[in-house]
Amino acid sequence: MGDMNRRDFFKVLGTTGAVGTLTACDPRTPVEHIYPYVVQPEQVVPGAPTFFASTCGDCVAACGTVLRHREGRVVFVAGNTESPVGQGGACSVAISATQEAFNADHIGGPQKGGEDVSWDDALAALSAAVSGGSATWLGRYRTGALDRLLGDVAAASGMQRVHWEAFGYESLATASKLAFGIDGVPRYQVAGAHIILSFGADWLNTWLAPVDHQAGYAAARTHEQGGFVAEFVSIEPRVSHTGTKCDQWLKSNPGTEAGVAFALAKLVAEKKGSAMGAESLLSQVDAAAFASAAGIDLAKLDVLATKLAAKPSIIFPGGVTTQGENSTHLALASLVLNLVCGNFGTTVLLGAHTNLGVVSSYADVVKLLEACAAGSVKTLIIDELDPIFTLPAELKVADALKAVPNLFVFTNGSGDTHPENATLLPPGSWLEQWGDAEPVKGHFQIRQPGMAPQHNTMSQGDVLLSVAKSAALVIPSAADTVEGEAEDEAVSSTDTYALGDASAVPGFEAVDFYRYVAGHWADKLFTGDDFAAWWIEVLQRGGFAAAPSEEPEVSLNPELPAPNGGSALSGNTLLFFPHAHLLDGRTANRPSLHEVPHPVSGLTWTTWAEMSPATAQGLGVDKDGHVTVASGGVELGPLNVRVSKGMPDGHVAIPSGNGHQDGGSRYERFGANPVRLLKPAADPVSGAMVYLSSEVTVTKTVLSGADWEKYKRVSLKGSEDMDNRPVVLDAYAPDVVEGKEVELGHGMGVHVVKDPRIEAAGMSYDMYPEPEHPTYRWGLSINLDTCTGCGACEVACNAENNVPMTGPEQHQLWRYMGWIRLDRFWQGEGENPDVRYSMAICQQCAHAPCEGVCPVVATYHNLDGLNAMIYNRCVGTRYCANNCPYSARRFNWHTYRWPEGFELMLNPDVVTREAGVMEKCTFCIQRIRHVKTEARPNTVLSQDVERLTACAEVCPSGSIVFGNRKEADSAVTKLAESPLSYQLFGELNTKNGVEYLAKLTHTKPHHGEAHGGGHGDGHGNADATHGDVGADHGDAGHKDAAQGDEAQGEHHHNHGEDHGSDADKH
Amino acid sequence: MQNENAVTYGLVNKEVIEPLFKPSLAWAAIFAVDLLILAFGVYCWSYQLEWGMGVAGYTPPVFWGVYITTFVFWVGIGHAGTLISAILYLFRARFRTGVYRAAEAMTIFAVLSAGLFPNIHVGRLWYVYFLFPYPNQRLLWPNFKSPLVWDVFAISTYLTISSVFFFVGLIPDIAAVRDSNRNPIIKKVYNMLCFGWRGTDTQWRHYMAAYGFFAALCTPLVVSVHSAVSWDFAMAQTAGWHSTIFPPYFVAGAIFSGCAMVITLLVPITKIFKWENYLNILHFEAMAKLCLLTGFILTYSYIIEHFIGWYSDNPYEWGIFVDRATGQYDWIFFMMVACNCVIPLVWWFKKVRTNLWGLWLVSIVINIGMWFERYNIIASSLAHQFDPGAWVLYVPSWVEIGIMVGSFAWFFMWFLLFVKLMPAIAIAEIKEMIKPPLSTDTEEAA
Amino acid sequence: MSSHVKGVFNHLDSLITAIDRLRKADFDDYTVLSPLPRHEIEEAIYDNEPSPVRWWTLTGALVGGTGGFTLASLTSAVWPMALPAGKPMISIPPFVVITFESTVLIAGLATLAAIIYHCRLPAMDLPIECEDPRYSSDRFGLVFHDLEGARKEEAIKLLHDSGAEEVSCADDEDDATELVHEEA
Amino acid sequence: MPSATGTPRVWAVILLGAVSFASKCENIDVTSNEDSFPIETHSLLPPEYPDDVETRISVGSVVQPVDPQPIEFKHDVHASSVEDGGLGMSCEYCHSNARKSKHAGVPPTQTCVGCHSMIDPSGREGLVQLDTYIKESGENYGQPIPWVKVHDIPDFVYFNHSRHVKSGVECTDCHADMSKHGVAVRAPDMTMLMGWCLECHAEHPSVDANYGADADLRRAELKDCYTCHQ
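Chains as they are written, first to last, in my numbering: chain Y, 1 to 1066; chain U, 10001 to 10446; chain A, 20001 to 20184; chain L, 30001 to 30230.
Treat the hints as calculated values from the structure; they're not laboratory data.
Beta carbons: idealized from backbone N, C-alpha and C, even for Gly.
Certain hints may be false.
[Said to hold, decoys possible] Simulated crosslink set (DSS-like; lysine-lysine; CA at most 30 Å straight-line):
1) Lys623/Y to Lys754/Y
2) Lys20087/A to Lys10435/U
3) Lys20024/A to Lys932/Y
4) Lys378/Y to Lys396/Y
5) Lys30149/L to Lys991/Y
6) Lys30223/L to Lys30149/L
7) Lys20087/A to Lys754/Y
[Unchecked claim] Ranges between beta-carbon positions, derived for each pair:
8) Tyr768/Y to Pro20050/A: 39 to 47 Å
9) Val30053/L to Thr20070/A: 29 to 37 Å
10) Trp10126/U to Leu30217/L: 50 to 58 Å
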């Protein structure tokens, strides 16, 4: 084995059969071959998966991941339960990483000016340029070994380092540095917070470490864990994706959030009687003035401050949408508020803080680009950034880059930044790279490749090492410390892949980045005797946690700048927000992330302009309309319109990520790029980019003919609200915590009147008994309270089950093939948006309406409680889908295929479906079959199946739990017994295998809502919701909603009216 | 027979058989246009087979659309024929005789058209044989609990028995055509077609007994077929479909549309072939009255359906009926009510229902209305299902419309061929209506 | 070669009279041909004895009914674990539909078989005397297939007496053909 | 009464209605995005295979002749017992994944090399063929041996060798007794049709042996469609 190289190791075993459809009339079939290994690797068994622990490289969170490897390729990415960031969850971006690796538009190797060049030439040019001095590295935030290597190379060659990302954290980093003197930004631990307050950060989805935050959020919302249900207050101009989960939305005028945070800090300090060292700062705060500038009633802030003073809380700073000219002040104010509330050390960590490596600012980048344009930058190396796409048009980035004589861009071919004069260096995806990360101070994670590089690629680390070698840079290398035969042996005997001969470079022995990483770890982290054993454990577990960092005593720097609360922006402001899946556009080349409907708007493959109903009415457009948004001579459009109740009047919000103009990937060119509308401006304190200042004009665009067809987009979320149907039921959180009788849905839905005499007589309402499930009854429990609508389940399901991508034309006809339909219902209005997410999947009914109507028994109920779907028996009458009350079935309208390259990412355990076949969620039957097979001949499974299905495996908030309902002590059975648990449309009595846990609300429910059309008196008075007011309202007497009679219905009405009048008085 | 004394056995043969075999230029032109439209329909279907069902406008969760709408429409049309020939035969309704042959032919061709649609509609036509019970090595059988298998049984039984009934009725008349024609080839062919029928006493004896049994068998079949079709909907859980009223409602609607189609077809034929002796305003008026009756049952069903939707206090049921009347498909609902409930009321005026124009135009309106009724039931219910997260708008594509129009061409192709090749009026039965020639008559005349 | 006697009637009552007379005279090898079914003829010949077709129909219905139900039940029993929608293996309501449809189908086909059998269809080899185009138009026919001598004379007389429009007889096929031509 | 002037008017109205309805029709362009979202067509004609694709005739259950293998491998020599003049090797010596994975596995060239590096190939055709592959592979890891598939399980069928082998189903229960055959063949009764699988799926004696009291339940489970279909 010692002499094998890395490619041979992963030599593909080609036993996958042809997927072609064999029609009956042609007797010919292609001859298929079996290609066995020449030399079979010991750990690979063809047909069985191998798992590799790794670390996601797509954003700064660097969550731990587990790659499932089959026959030479990674087929699934899941979270690593051992990783403290992520805790087993994975986000849509990490899961879709296979689409980066197998992307059909991935460049095959290094290129210059569109021509392929060899790595030798490219590296020679790079070495020459770097050793010539005055090189600049412009790249993403990097931690771990790569950060160290970059530092070493920079020190040896005089290379300048600029680390910046769009939607970066320079304001928070500056504020942290300013206030407490730490390098890095705090780590937010939501789990212990009773009150969660956010000023616009999209912390559940795109901000900092969303997967980590989601896990914490789920813990804070689960009363069984902490005995409380956290209350989430969002202070932001627009209800962001994270804001949809809030219990209270205080609408701030854009640009004034810092003032609100300062005002709150002052109020809390007053209530607590201690400002924790922020006295002088807060003495300069005029709370009333700041509140009125923000357009928020001071009394409401006072109520909030009372709660913050009383209970543990967590305060998130601003996000991209609220990143104005005083963004550092907003970050500072949030830190001060956390300080005043006493959150440091409990929910906000400075010791084990989030590590971003070197953080440069947008101002630094602008300065660099100016230098480029001036011709003073001779060599620029861009590390997986897309400055042309992510920086405002006015900066003329493309021109600046063209003026650089030696331009090197690490890119896999996607994005707009591939100028003619650049040498493109494909680093490959993180699935194919060695590396590591230190996402949290003191916690180290290893990045292990799950497969051989699919293209002729070379990671940044390898490139830097090669450059160092040929430029003969003498650097204090980590490899020096890998001394002695023992450790050298250890690294090579890990059996993951073998090392070649170490070339003799003076003072530098690491011939590739793998060896460098190992050396780095040996140097920094390894303390014991047996490096080999330790290293194997590191690789198996995916990382290593050093002793937890001590939380420091927090002391605020007394000399802080005077608080700048910001002023409300005049005119129509562009509220720029990050797309939940596409982030700043770096993942726009992954079709699956466009394909999955945007969690809130439901739009796919497009960019839209979000506006309030009043604004839309003023423009004369509706949800089918189009607008053009213009600013400073730049026009963006036609954009689809999304009318949202979570938008302030007058302003317009546009998501990032779409609309590459010159994109290298065929999937990037949809929609429009709102960054082009932004004016270049920076926060004077931190130099962070200003996203919030652009005044825009919005005009209606009338399209016709082919244009209308092209831009016609349908939101894959049907109705804006639940239309009074009992889809997502709610429960009053304080009742749940106190263990009172919980009434789900508050009178919403259908009351099934049951005659007690029937049961007394021993008769059944069912015509037929429930089918028997001798051993298993697979079930799923979905917590709709902790579900944040992030869409990870959808992406994972599509990846696991080979769900085809159908594209925008088919989406116009709702032919999205994903088995999960993540519904979003905007139930509330104003201060209580009450947005409810529902994960509609096959409910695996025991009395399934679909089964009885199938003429050929292609779908039936099996002994494990599954609603089985046998694809090759299906004729395609589609009757089952009509008859499914949950609309959970998908039909193959065409034989959808994958573009060349993408077929490699298919899961070999799942068949692809041809046209005319019905499909649906099967609870990942291939995984169930696997665990059952493993256990045979026993029926008691040998492994824990709580996260068996793909959706449950990745769910960052752990909202999805799978299990056997026949086992009394399985998690899913226990959840099903919870008073919060209900079956979707339970009155249909289809005896579902899927149970939902109700959404918890901190708003005292009104029974009037259920009958009053949903928009009546019940809304817009969240101030009257918590605690005392309305405590006398009906808790008793609703023991069983199912027994509700006419009289009780009226009773509900009365409560609604009573409460409405209370609220008015208030 | 208004003037049955003037009509003799010989005259019946002459008048009914005369228009056969001589295609006029007009007939040929209409037939050519018809074939062109049919060819377009065939093209649409092959286009769909090649590219997949997706070329139709299906918008999930609307999984059924124009094809099933047209299927139900044709099955409905197919009702009148057997109803007229079988039930009215048993009731000895006199006006049946002139109408029934053409009506029965219409039934067969309508069922032939209807039978195409399940095939057009299924996703994998090449596996459609899975729906039939046949022994196979896989030991797999259809699901006899599925309404679609009931459909397979009902439609194929209906087609078989109606065809047999139709053909048995034709045997003596084919013999008459054979005897009146001099062309040896036609003679030979028609002799084979009528199995050498000569009208012997034994033949007539068993024939008449069997014909009675066919009528008796067809009568429940007529009711059962559209009930089975209605169960496709009524047995489903979907709101707006799941209703016990469906079988009688569908049967009434089927008779309504079927009788209207008979009027639509026979008015021009009567004029063109000059068959006023056998088919005249009295027949059409009787058909119109039947339409008025069934139209009222239909209107009542609409009202009851909506009332129950409201009275049940079931948000899904009521939601669907409100949506049908006021939602995205309101114009379809309007078409349905206008064409089926309001416009046919003009037949209350004797002037209108005894005027051929009045009969013909209103009958076409009814046919349009009945198509929209099925569209209204199918598309609107599916576009507005239980889960509000999956509410959509379904608009048919040109492929669907092409195939639908093609099915009309298919139907008319058979009908046009029929009127030129087979006696469209039952010669033998018309003779039964005529007073038989008796020696006493001659004596009197003398 | 047969030697037949052929009577053509214009009037139904004359035909009935002829049938009554020849039955009294013990003729049995005769055939009546008519362009339409008349009960008078059937009564006159068969004395209202019901046609055996009904037994065919009944048998068909019984076979179809039991067959349909049995088919549905047995095929459901092949896969006892694959029961759709929780319905039991033998669920009566759905199977009633199948039973009904198969009853009608098989009964109808049996009736068709009955026609074919009892009417001796296809009747391509009927004696030549039965072939006369007028019989499908406006004339009735009464033919004797094989008469010789005195019986033949008696038959001719009987036909004439009953009011036959035309009576002819032939000893072989050629003559019969001629006769037809004469008529035309 | 219908008149000559009235008829066209009526047709015009009907036509107008039809056209207005048709104008509301959806126009679905299936080919517009072939590069990004390919859709496969189902040709109404038999597929045309490009010249470089080898085909063979396969009609339903008819046992097909198997195309020539790249190496004329003699199963009988390897697998028949020593008394019968063979080498007496067990099936799992080469098909070593049969107990571990759903694929029984075809041995890597390495396995052949294990013995054949010590056997003189000269004069024997099969061995010469093998030798070329070994020489190619040798140090440089050349091309794998392109064996021709004998059995082709459809993609929609889930078949797991290890489940069967571990349950006590003998290789020869399904495959022909390879100690009596040379080059891989299909056993005549091994039709690979569903009915053939069903013949013993719930009836195999190993069910009783493995499950005892639970055998009845297990038999029912073995006839569950999800046991074999995916």
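Hints and how they fare:
1. Lys623/Y to Lys754/Y: violated (42 Å)
2. Lys20087/A to Lys10435/U: violated (59 Å)
3. Lys20024/A to Lys932/Y: Between Lys20024/A and Lys932/Y the Cα gap is close to 89 Å, so the pair fails against 30 Å, i.e. violated.
4. Lys378/Y to Lys396/Y: Given that 30 Å is the threshold and the Cα spacing comes to 18 Å, the pair holds.
5. Lys30149/L to Lys991/Y: Given that 30 Å is the threshold and the Cα spacing comes to 46 Å, the pair is violated.
6. Lys30223/L to Lys30149/L: It holds: about 27 Å lies between the C-alpha atoms, which stays within 30 Å.
7. Lys20087/A to Lys754/Y: holds (23 Å)
8. Tyr768/Y to Pro20050/A: 39 to 47 Å: 46 Å Cβ-Cβ, so the 39 to 47 Å window holds.
9. Val30053/L to Thr20070/A: 29 to 37 Å: violated (49 Å)
10. Trp10126/U to Leu30217/L: 50 to 58 Å: violated (37 Å)
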